[in-house]
Amino acid sequence: MEQFIPLIPLMPLIGFAVLGLAGNNISKLMAAIIGCTAIAVSFVFSLLVFNAQLGTEESVTVTMFNWFEAGSFKVELAFLVDHLTSIFLLIVTGVGLLIHIYSSGYMHDDIAHNRFFTYLNLFIFFMLLLVMGNNYLVMFIGWEGVGLCSYLLIGFWHKVDAYNKAANKAFIMNRIGDLGLLLGIFLLYTKFGTLNFIDIKSHLAEIQVGDPTIVVATLLLFIGAMGKSAQIPLHTWLPDAMAGPTPVSALIHAATMVTAGIYMVVRSNFIYSLAPFTLEFIAIIGLITAFVAATIALFQNDIKKVLAYSTLSQLGYMFLALGVGAYSSGVFHVMTHAFFKALLFLGAGSVIHAMSGEQDLLKMGGLRKKIPLTFITFLIGVLAISGFPFTSGFVSKDEILMSVFYHNKLYFYIAAAVAVITAFYMMRLLMLAFFGTFRGTHEQEHHLHESPASMTMPLVVLAILSMLGGLVQLPHIYGGKPIFEEFLNSIAPTLKHEDASLAMKEWLMLGVTCLGLVVVYFLTKKFYADDKFEGVYTGFKKTLANNYYFDEIYNTLFTKPLNFISQYYNAFDRLVIDGGVDGIGKLVNWGGDKLRYLQTGYTGFYLFAMVLSIAAFLIISLFNLL
Amino acid sequence: MNLSLLILVPLLTAVAILLCNGLKQVRSVALLGSAVQLLLALGLLYTYHQERETGNTAQMLFEFNYTWFANLNINYHIGVDGISIAMILLTSFVVISGVLVSWSMEMLNKEFFFLLMFLSMGAYGFFISLDVFTLFFFLEVAVIPKFLLIGIWGSGKKEYSAMKLALMLMGGSALVFVGLCGLYFNSSINGAHSFDILALSKTHIPLNAQMLFFPFAFIGFGIFTALFPFHTWVPDGHSSAPTAASMFLAGISMKLGGYGCLRVAVYLMPDAAHAYSGIIILLSTIAIIYGAFATMMQTDLKYINAYSSISHCGFVILGIGMLTPTSITGAVLQMVSHGLMTALFFAAIGMIYTRTHTRIVAQLGGLLKVMPFIASVFIISGLCSLGLPGFSGFVAEMTVFMGAWQNPDTMYRIATILACASIVVTAVYILRAAGKAVMGPINDDRFTSLSDAVWNEKLAAVILISGIVAIGVVPFWLSNLVTPGTEQIILQTGQALLLK
Numbered sequence: 001m002e003q004f005i006p007l008i009p010l011m012p013l014i015g016f017a018v019l020g021l022a023g024n025n026i027s028k029l030m031a032a033i034i035g036c037t038a039i040a041v042s043f044v045f046s047l048l049v050f051n052a053q054l055g056t057e058e059s060v061t062v063t064m065f066n067w068f069e070a071g072s073f074k075v076e077l078a079f080l081v082d083h084l085t086s087i088f089l090l091i092v093t094g095v096g097l098l099i100h101i102y103s104s105g106y107m108h109d110d111i112a113h114n115r116f117f118t119y120l121n122l123f124i125f126f127m128l129l130l131v132m133g134n135n136y137l138v139m140f141i142g143w144e145g146v147g148l149c150s151y152l153l154i155g156f157w158h159k160v161d162a163y164n165k166a167a168n169k170a171f172i173m174n175r176i177g178d179l180g181l182l183l184g185i186f187l188l189y190t191k192f193g194t195l196n197f198i199d200i201k202s203h204l205a206e207i208q209v210g211d212p213t214i215v216v217a218t219l220l221l222f223i224g225a226m227g228k229s230a231q232i233p234l235h236t237w238l239p240d241a242m243a244g245p246t247p248v249s250a251l252i253h254a255a256t257m258v259t260a261g262i263y264m265v266v267r268s269n270f271i272y273s274l275a276p277f278t279l280e281f282i283a284i285i286g287l288i289t290a291f292v293a294a295t296i297a298l299f300q301n302d303i304k305k306v307l308a309y310s311t312l313s314q315l316g317y318m319f320l321a322l323g324v325g326a327y328s329s330g331v332f333h334v335m336t337h338a339f340f341k342a343l344l345f346l347g348a349g350s351v352i353h354a355m356s357g358e359q360d361l362l363k364m365g366g367l368r369k370k371i372p373l374t375f376i377t378f379l380i381g382v383l384a385i386s387g388f389p390f391t392s393g394f395v396s397k398d399e400i401l402m403s404v405f406y407h408n409k410l411y412f413y414i415a416a417a418v419a420v421i422t423a424f425y426m427m428r429l430l431m432l433a434f435f436g437t438f439r440g441t442h443e444q445e446h447h448l449h450e451s452p453a454s455m456t457m458p459l460v461v462l463a464i465l466s467m468l469g470g471l472v473q474l475p476h477i478y479g480g481k482p483i484f485e486e487f488l489n490s491i492a493p494t495l496k497h498e499d500a501s502l503a504m505k506e507w508l509m510l511g512v513t514c515l516g517l518v519v520v521y522f523l524t525k526k527f528y529a530d531d532k533f534e535g536v537y538t539g540f541k542k543t544l545a546n547n548y549y550f551d552e553i554y555n556t557l558f559t560k561p562l563n564f565i566s567q568y569y570n571a572f573d574r575l576v577i578d579g580g581v582d583g584i585g586k587l588v589n590w591g592g593d594k595l596r597y598l599q600t601g602y603t604g605f606y607l608f609a610m611v612l613s614i615a616a617f618l619i620i621s622l623f624n625l626l
Numbered sequence: 001m002n003l004s005l006l007i008l009v010p011l012l013t014a015v016a017i018l019l020c021n022g023l024k025q026v027r028s029v030a031l032l033g034s035a036v037q038l039l040l041a042l043g044l045l046y047t048y049h050q051e052r053e054t055g056n057t058a059q060m061l062f063e064f065n066y067t068w069f070a071n072l073n074i075n076y077h078i079g080v081d082g083i084s085i086a087m088i089l090l091t092s093f094v095v096i097s098g099v100l101v102s103w104s105m106e107m108l109n110k111e112f113f114f115l116l117m118f119l120s121m122g123a124y125g126f127f128i129s130l131d132v133f134t135l136f137f138f139l140e141v142a143v144i145p146k147f148l149l150i151g152i153w154g155s156g157k158k159e160y161s162a163m164k165l166a167l168m169l170m171g172g173s174a175l176v177f178v179g180l181c182g183l184y185f186n187s188s189i190n191g192a193h194s195f196d197i198l199a200l201s202k203t204h205i206p207l208n209a210q211m212l213f214f215p216f217a218f219i220g221f222g223i224f225t226a227l228f229p230f231h232t233w234v235p236d237g238h239s240s241a242p243t244a245a246s247m248f249l250a251g252i253s254m255k256l257g258g259y260g261c262l263r264v265a266v267y268l269m270p271d272a273a274h275a276y277s278g279i280i281i282l283l284s285t286i287a288i289i290y291g292a293f294a295t296m297m298q299t300d301l302k303y304i305n306a307y308s309s310i311s312h313c314g315f316v317i318l319g320i321g322m323l324t325p326t327s328i329t330g331a332v333l334q335m336v337s338h339g340l341m342t343a344l345f346f347a348a349i350g351m352i353y354t355r356t357h358t359r360i361v362a363q364l365g366g367l368l369k370v371m372p373f374i375a376s377v378f379i380i381s382g383l384c385s386l387g388l389p390g391f392s393g394f395v396a397e398m399t400v401f402m403g404a405w406q407n408p409d410t411m412y413r414i415a416t417i418l419a420c421a422s423i424v425v426t427a428v429y430i431l432r433a434a435g436k437a438v439m440g441p442i443n444d445d446r447f448t449s450l451s452d453a454v455w456n457e458k459l460a461a462v463i464l465i466s467g468i469v470a471i472g473v474v475p476f477w478l479s480n481l482v483t484p485g486t487e488q489i490i491l492q493t494g495q496a497l498l499l500k
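Here the protein sequences come in this chain order: A and B.
When the letters of the first sequence are read in order and numbered with my numbering, they come out as residues 1 to 626.
When the letters of the second sequence are read in order and numbered with my numbering, they come out as residues 1 to 500.
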């Protein structure tokens with residue numbers, strides 16, 4: 001099996017190289033085939049690797065070569081495949097493949113179609129590097145690489161200035177996080193003398209829980225995760241990132257890249273478990289993000305913005321899970337979220353495609369009759385994210401809520417409230433887009449059409465996964481077995497909470513969920529299904545609709561002062577330092593100018609000066625003045 | 001391998017250029033000469049590995065020693081280790097791409113290419129010298145052509161810039177010379193003074209002499225590599241210079257300084273290097289942060305690259321000042337990386353300028369649409385500059401940071417954190433420039449009819465990019481090449497520490 005492992009990231013790299021060199025010299029169909037095939041082959045190898053991992057607890061390390069060596073600093077390019085990696089391999093290549101296929105339809109009329117596939121393949125390569133590296137540096141390379149692809153794809157339609165700004169913002173926000181990650185990596189290196197995950201793990205026995213270096217290092221690493229996974233306060237780039245084509249939003253800004261932070265924390269769980277302070281911090285950040293983003297999503301009118309804030313919120317959920325020590329629940333939610341959020345984004349893409357590029361929910365309405373397949377799959381996505389019983393989202397959220405319940409009751413109530421809000425804004429979206437009557441232009445209505453099979457096929461697959469994905473982790477009381485959790489146990493053991501009333505609580509939760517969903521359904525139907533809604537918000541609602549004015553606050557607090565510093569340094573450089581250099585030059589010129597008057601040309605003056613000097617020297621030497 | 005070929009080939013090319021007639025002959029000869037240089041450099045890399053594999057563990061290989069001034073014990077002593085080879089490779093890459101981008105230099109073409117070749121001779125001679133006097137000689141050889149290149153072929157306030165650059169670099173040379181004399185007169189090898197680097201490294205220069213002369217040598221060389229606050233020649237010099245001269249200036253000339261700091265100042269005066277390391281780190285950290293912030297508000301592409309060079313060369317000085325094996329290797333990598341990257345950047349800016357006749361960011365825009373190749377080159381050099389993995393900048397900066405972090409002193413840690421923080425600022429100014437200049441809507445209707453790069457420009461870019469990617473993707477060949485050399489330097493400073 002080992003021989004397949006390097007091929008997994010190699011295939012998309014080859015795809016990238018071929019597509020990049022061929023450019024527009026090959027047809028769009030050819031480019032799509034090359035791009036999809038590369039990922040498909042990777043997916044098959046990932047399945048083989050996963051299958052091999054099923055039967056063993058052993059991790060596999062494949063060392064390619066000594067990547068770098070300088071002094072005592074040594075890094076190998078090596079891949080580590082264990083249970084955690086194999087799950088992420090399946091998510092990345094599986095969902096990645098579906099989105100590649102979808103893109104061949106969605107991007108078909110774009111002149112830069114081939115460039116799009118080039119970037120997508122490059123992205124998959126870096127994402128695979130990220131989850132396969134056996135040390136922090138290789139992971140960091142993947143981490144930066146996916147950031148680059150995200151940047152390139154957000155600004156894919158680079159003729160529009162606003163999109164470039166969004167791309168820049170994403171990169172720079174991520175850079176702030178990367179700085180933390182980098183410093184954390186340095187700290188780990190000085191502490192352990194290695195960046196290898198397994199080696200660090202073996203050093204941990206001698207470390208006390210709460211060791212200050214470990215706490216600082218884990219916090220620094222988590223700053224990286226906050227950037228990549230868009231947690232408050234580094235979250236403002238993700239809503240703007242929706243400027244990219246919709247498949248990009250689905251792949252990078254929902255299913256894979258933004259979950260890199262969760263991967264990193266779970267991968268480092270053995271270190272995090274030694275830093276309870278950091279874990280609590282993660283839980284709080286996750287909780288705040290989940291709540292704040294959910295409230296913002298309530299008042300968004302752009303279909304992709306709703307989904308973007310919902311992604312923020314769900315990512316917050318995942319971090320909440322990690323923070324309370326439920327690592328496997330966090331990863332499980334990564335997986336189910338990848339299914340239903342990719343489904344929702346691709347569904348939204350199908351809607352936008354049908355609407356000739358329109359993204360404003362206020363101009364949609366009544367679409368369920370016009371694009372039925374999109375509607376049904378989208379409905380399944382909404383049900384899954386809202387936690388409709390026994391869908392994948394229900395199982396993963398239920399798990400997280402249970403773990404949070406045993407950790408801190410207050411967290412639990414807030415998280416439960418977030419679940420209700422989530423159901424509400426998703427239902428609202430559904431009502432606005434698919435119910436009521438059509439509110440767009442006649443031209444748009446005329447163009448309304450169901451998307452081609454290349455786009456609907458991935459929707460159907462993802463819908464099935466969103467429905468049934470929860471079965472691998474169904475709680476005992478429903479007759480299931482926590483297969484997923486057991487699979488991850490060797491990597492990140494999850495804290496077990498068992499008490500007599502567990503079953504009762506589970507049933508209670510099921511009941512409350514059902515009741516809540518019914519209430520939400522009727523409320524949203526009443527408010528939004530019959531074209532009755534407010535499009536313009538005032539007061540506190542406006543604050544929410546505008547992302548609590550985070551952008552404006554950052555602009556005042558950071559961007560403007562930094563620009564000022566830059567201008568100040570510039571002026572300082574020109575006036576003081578360069579002025580000093582010029583001043584010295586002027587001084588020499590001035591000195592020369594004055595001294596030249598000594599060269600009068602009169603012999604008498606020269607003789608006089610000579611005599612005077614000799615006399616001076618004599619006096620000095622006679623009286624020993626020096 | 002006869003190292004003198006590295007001096008002879010550029011010299012002969014320069015002479016041959018003088019005998020040519022017309023641009024076509026001149027540039028063909030120049031290209032041929034620089035191609036031979038490139039082959040020589042690659043051949044040197046190959047034979048170096050061969051020699052090492054046969055078990056030759058001498059510190060310097062291919063040594064040659066000829067006395068050319070017996071009275072003062074001045075020798076033409078040459079030889080190379082991994083560090084010099086890395087610098088020679090860099091030089092040959094920049095020279096050939098510099099010749100290629102100057103392909104249609106009409107004005108005084110003979111003199112122009114002659115000076116380029118002359119300059120490269122100085123650089124090669126500098127990097128292979130093992131005698132500090134010879135080294136100084138070649139340093140001076142490399143300064144004069146720059147003055148002429150900017151003064152004659154430059155643009156903007158070229159006379160001012162040329163004069164400023166020449167005077168500041170001459171001032172640097174003067175300081176270097178004082179430092180060298182200090183070394184010479186405080187050395188005693190078999191009763192005689194010596195300029196020989198290897199011999200000097202084996203003696204112990206008295207501590208007070210080191211403390212006195214180290215600042216002269218270090219600041220002197222430091223001026224060449226834009227040491228804060230002696231950096232102001234950089235923005236003016238680069239922006240006034242013609243494209244190839246900018247490339248040579250940033251790609252090669254600034255590296256003479258870094259190499260000199262390492263090979264002469266730190267290697268021969270290790271006690272003083274330790275004593276002054278705090279100040280060196282302070283100045284380099286200032287340069288990194290200050291340069292990065294100053295870049296943010298620049299509006300001219302060449303000024304952007306010039307100020308960012310101040311920031312990036314700060315990493316070289318920082319790596320040297322930290323005095324750990326990793327950090328010094330990082331400093332050398334950063335020299336090579338920055339040399340290639342900044343040459344590429346200037347090449348791209350030159351290509352943009354010859355077409356659009358402007359370098360002001362706000363006046364550009366949408367170039368990715370009309371000249372995709374040039375715009376891509378611009379973006380690649382930008383990404384390398386902001387330290388993206390896969391390009392050389394990441395490897396070099398990462399090594400400097402990692403090495404710097406190994407220094408456990410709290411103040412040094414703080415300096416390292418501040419230096420690391422510059423990666424955020426770098427991202428800001430690079431992306432701002434790229435976003436406005438090459439992306440976005442086309443601002444000027446005249447731009448729509450512009451043509452993309454021609455073969456010579458493409459070749460120049462491909463040569464430089466291949467170097468950047470070769471270091472970025474598989475850096476081990478360069479780190480393995482450089483490490484034995486840096487270990488010698490560290491051994492020296494380590495012994496210095498023991499002696500204290």
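Read the hints as simulated data drawn from the structure, not as lab findings.
Note that the Cβ used here is the ideal one computed from N, Cα and C, for glycine as well.
Mixed in with the good hints, there may be bad ones.
Computed footprint of chain B on chain A, listed as stretches where at least three residues anywhere in the stretch have a Cβ under 8 Å from a Cβ of chain B [said to hold, decoys possible]:
no. : region
1   : 67 to 79
2   : 135 to 146
3   : 174 to 186
4   : 466 to 480
In silico DSSO-like cross-links for lysine-lysine, where the CA-CA straight-line distance does not exceed 27 Å [stated by the list, open to error]:
no. : chain 1 : residue 1 : chain 2 : residue 2
5   : B       : Lys436    : A       : Lys165
6   : B       : Lys110    : B       : Lys157
7   : A       : Lys165    : B       : Lys157
8   : A       : Lys370    : A       : Lys526
9   : A       : Lys560    : A       : Lys586
10  : B       : Lys436    : A       : Lys159
11  : B       : Lys157    : A       : Lys159
12  : A       : Lys305    : A       : Lys165
13  : B       : Lys458    : A       : Lys159
14  : A       : Lys305    : B       : Lys436
15  : A       : Lys542    : A       : Lys165
16  : A       : Lys370    : A       : Lys409
Numbers of unmet hints, in rising order: Those not satisfied are hints 4, 7, 9, 11, 16.
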